[in-house]
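Engineer: Following the hints, position chains W, H and Y against chain U.
Residue numbers (the numbering used here), protein chains in the order written: chain U, 1 to 326; chain W, 1 to 326; chain H, 1 to 326; chain Y, 1 to 326.
It should be emphasised that the hints constitute simulated quantities derived from the structure, not laboratory data. It is possible that some hints are incorrect.
Same chains, same label: a pair holds when it works inside one copy or across any pair of copies.
Listed below are the simulated SDA-like cross-link pairs for lysine to any residue, each with C-alpha atoms no more than 20 Å apart in a straight line [to be verified]: (1) K254 <-> P313; (2) K254 <-> D93; (3) K281 <-> E233; (4) K281 <-> P292; (5) K282 <-> D123; (6) K162 <-> Q319; (7) K282 <-> E233; (8) K272 <-> H120; (9) K281 <-> Q231; (10) K282 <-> P126; (11) K282 <-> D73; (12) K272 <-> R49; (13) K282 <-> R134; (14) K272 <-> D121.
4 protein chains.
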Amino acid sequence: MPFSITKLAHVEIRVTNLEQARHFYSDLLGMVETEADSGRIYLRGLEGREHHNLVLRKAESPGLGHFAFRVSDPEDLDRLKGFYRNLNLPVKDIPAGFEKGQGEAIRVQDPLGFPVEFYHDMDEVPRELQAFHRHRGSYPMRVDHVNVQVTDVQKGYDYYVKDLGFRVSEYTVTEEEKLWAVWLNRKQDVHDIAVMNGTGPRFHHFALFVQDAMSVIRTCDVVAGDDLEAQIERGPGRHGLSNALFVYLRDLDKNRVEIYTSDYLIPDPDWKPIRWSLQDKKRQTFWGHIPPASWFEEASPVESITDGTLIKPTPAVMQDRPAFVT
Amino acid sequence: MPFSITKLAHVEIRVTNLEQARHFYSDLLGMVETEADSGRIYLRGLEGREHHNLVLRKAESPGLGHFAFRVSDPEDLDRLKGFYRNLNLPVKDIPAGFEKGQGEAIRVQDPLGFPVEFYHDMDEVPRELQAFHRHRGSYPMRVDHVNVQVTDVQKGYDYYVKDLGFRVSEYTVTEEEKLWAVWLNRKQDVHDIAVMNGTGPRFHHFALFVQDAMSVIRTCDVVAGDDLEAQIERGPGRHGLSNALFVYLRDLDKNRVEIYTSDYLIPDPDWKPIRWSLQDKKRQTFWGHIPPASWFEEASPVESITDGTLIKPTPAVMQDRPAFVT
Amino acid sequence: MPFSITKLAHVEIRVTNLEQARHFYSDLLGMVETEADSGRIYLRGLEGREHHNLVLRKAESPGLGHFAFRVSDPEDLDRLKGFYRNLNLPVKDIPAGFEKGQGEAIRVQDPLGFPVEFYHDMDEVPRELQAFHRHRGSYPMRVDHVNVQVTDVQKGYDYYVKDLGFRVSEYTVTEEEKLWAVWLNRKQDVHDIAVMNGTGPRFHHFALFVQDAMSVIRTCDVVAGDDLEAQIERGPGRHGLSNALFVYLRDLDKNRVEIYTSDYLIPDPDWKPIRWSLQDKKRQTFWGHIPPASWFEEASPVESITDGTLIKPTPAVMQDRPAFVT
Amino acid sequence: MPFSITKLAHVEIRVTNLEQARHFYSDLLGMVETEADSGRIYLRGLEGREHHNLVLRKAESPGLGHFAFRVSDPEDLDRLKGFYRNLNLPVKDIPAGFEKGQGEAIRVQDPLGFPVEFYHDMDEVPRELQAFHRHRGSYPMRVDHVNVQVTDVQKGYDYYVKDLGFRVSEYTVTEEEKLWAVWLNRKQDVHDIAVMNGTGPRFHHFALFVQDAMSVIRTCDVVAGDDLEAQIERGPGRHGLSNALFVYLRDLDKNRVEIYTSDYLIPDPDWKPIRWSLQDKKRQTFWGHIPPASWFEEASPVESITDGTLIKPTPAVMQDRPAFVT
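So here's chain U without its partners, still in its complex pose (with noise of 0.2 Å):
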């Protein structure tokens, strides 16, 4: 039987200065507070009813702290921890409570070397969704998904569908038939995960859904009226793969996040993956628009769940970028 993962559910990211983190994900995109202590802001997204979709943990340097999928079942958090053991990868029990607002969890250093947590309960809290009032900045629905950068993407892939039962939304192979990146999902959008060729494993980006386009215009009008327009990196643009109409912000931390807007829905467990070709500008970028050199090159680094350093990442194997960005 399948692991009963619902969705990507949170992500916490290492920030270096707990105020400015809060101005720049709360007052200027819009994610709603739900608590804080000295060590963490809990945040969530517009129409969440979860304790919090993402953490701004403070850390000396920034990375990703780590990501957590959600469990309908609660004993797939004990089956989980037999499936890593048996892999011989680190594992260890969060107690009820260690994350405000959330039960019992376990953290695991996953096969492709990421830090992801899985959790069954989380407290509710009150929906912000028609409180219009109060919605600010990008007015972001959710936490929707991360991407990753991992040396392997063909062991990303069969890691994520074989053993947790992902499904491919799209995929991109290289000229020569080789998986280059791929998108998996669990609930019924494009993905939760995104796992990408590259300098891994790195944590590339988490995504915030937004209901519109002009929420992602809005994000740079919001952004670039505090003077902060350096931390757009790339777009407005939409992207061939996905469909999404995204922008690229990076935090002041450097951090990577999306903006997006209008993907679609996938119902269909049998859905047949949509094929792209690395080299097909359109893939990217639909307008035709070159991402820059950054998008590729620069990601954060990812936490050791023992002992909280950071891990070192090997560079990429396979050609790390189409050819037409220089």
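Structural biologist: Structure of chains W, H and Y alone, referenced to chain U:
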């Protein structure tokens, strides 16, 4: 094991004039025509890869031909046949190709009196999602859901939830805490079908999902630009329940279609349904608008799968509308 | 030589509760506060560089304090004084600073009975147009125009066109070809003032121009999000006349404000006015909606510049609304 | 007395393939075709009531045919003739009907080297503003302004402001406080013409005003949907100067057209111009994007009214772009 229903997949409506209906649904609302013959026009939404999502069928009078659910497991067609036969309900085999592009299917008259089809196979056709230069009118992504009226909503709930494995996203109760309406899904948005108290069985409306509020505004402009403003029945407005920004149109045969956007994603199967009171004005229209009485009084008759006649509905037992609608 | 009137420049409305009015116009609708004292709050739109565009004045009862036209030639203040004195109408000198930020001005009770101010100088303040991170609510660009009710529209036309040099953009006639309403401008959009048949003199509404349809939708959401949906009187809809996409709100004192967008530019002084029939339903609402009777029946009283009392209006002579409004 | 110029009224561009240009400007961008013959296609924007707003003229090579200002006083045609003859500049009478739908006109080679037409009469045609069911592509309201490159901006300023009575809305200066570019208007939005430093005389672009940001996004989607994404040169972005949300396209002959929205209204003739520094990055793009070098280097040659040849431009004297553009 529950049935593998993935989604409300298509709707067949009866129209008295195919050309007039083609103009309305394709030229004005922007549904894409896949194929047509002397008796039927097959349309699909912009994100669709299946042959059809909406069928306009020439008939003497308007009404619902049938609506269809897709099953991801082809063996479920036989299991469903058995299920409905056990209930002594009419079941009919539909040979492959009877609906163009569709494989073998079954049709039943369900316990609530509706003509419902189940199928597994349908031809794949090119997706128009990124053929933006051909998009028209409302830019409809898909036929997303149907809404039906019955005289016994509790029975409808039991059938859909207990027998067919649907989940409840939101629901409405009367002052006496009786179930007045229920929003039910298999896919992960707010509904595939809503079952609403009223004279029944009647088909209240089907809904086209659009990507943003501007598409709702544009729908009104396009329809009124073509001097069909009398077909705009209600809205634009925002529903409290589901958060949908909507407009309701009546086609020239009085079949009702909703154009809507901005509900939300429900990835968790253990989602706790949202409760509304029938008398809460913001349930119907978050902006305080009173719906027209016609929206409660008028709906389309539904067809018998046995002989193609229209079934005479029975008046509602409970109040058929909130007290503030007169 | 015609007077150098440039635009409808600001409106002073009477409100019974300054805090409540500030919340409505500033927190919810997004007008920017320049300054306030115990009796008045001075607000401006986002594209404004003048000290104020809207004044909320504490009073015992709601109504119109005055509206103001700016003249680009300071000597016109004297010429206007002479003009109104010749008509034996009340004229009052307003010393510089009486309205904060404003230079010397005059106030008159005009031939139609309205309290009108003329000024030339006003302090320049920083424009908030690109301070996007501070924008709120409707994102209102400016107070664009006013709409007034009079019992003799022909007289209003003669006064504004022949005496003050306004131009006509669009107008409405009855079945007997009598002038029922007229849209008049000095600046180059559809109007600075509309003069409409009805019980008068009464102040029907003032209007905030917003940049797009989404701002009209957001206005409804924000107001209803704060549980003030009862203040939404009419719309959203599109006017046939002027093409404006609109919503009409009543503030908590019942003063009426329109939020609108998408009229058009009229750069040619010899523009041929567009004619509409009162009974043409699309004139009122292009989408076919019937306006509520309150929209025709209710309007705000206007103040006497002589003693500050509210002027008792006279009932309309002609029909005060289209036949289809009941 | 100043000349009664009302607006930049139309642009005639040279195209090498009329069908290809019709597809680009009419099918994709949505300009409405009024009339055509073997040598010219006459187009207008959606809010236009004049016969044409854009002329596509078949020619051997691309470039500017002419642009035209309308005068509201027909006697100004003679006065303008005298003015240009006094300057010993070429002046040509254009008989009524030479441009279809247009009355008598004059053409001049202006002091900056550009072919400019002045006219008073043009046939009225039905407005398409509310024929929403026929709107396509960008939904362009009007040809709003032109932008030209000259080697001496100060001379351009003197000519337009002192001789023709234009007003300045915004301007750009170099570090040495020399005028680098100036935005000039007669109608009440930000400009009818911008005069920019560079190799000149060259025609940089003309601009279509659209009603909202979504129309800018849709333009990119429509053009890329038709596989013409290589024609998207710059943007979408927001200009700091003028606040316009824009995208720049090159037609298939490399003529440049801007699609833009959200500048502001300037009703006061004594508007105090807004000053920008050439090296201020937010002047060019408020969101911090660096424009492509092509945007500064490439522009269209302009035609001689005397013999129809293309005028050889002279290289810029001052720096032709900000230091940050490489």
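Engineer: Tell me the hint numbers this structure goes against, listed in increasing order.
Structural biologist: 2, 5, 6, 11
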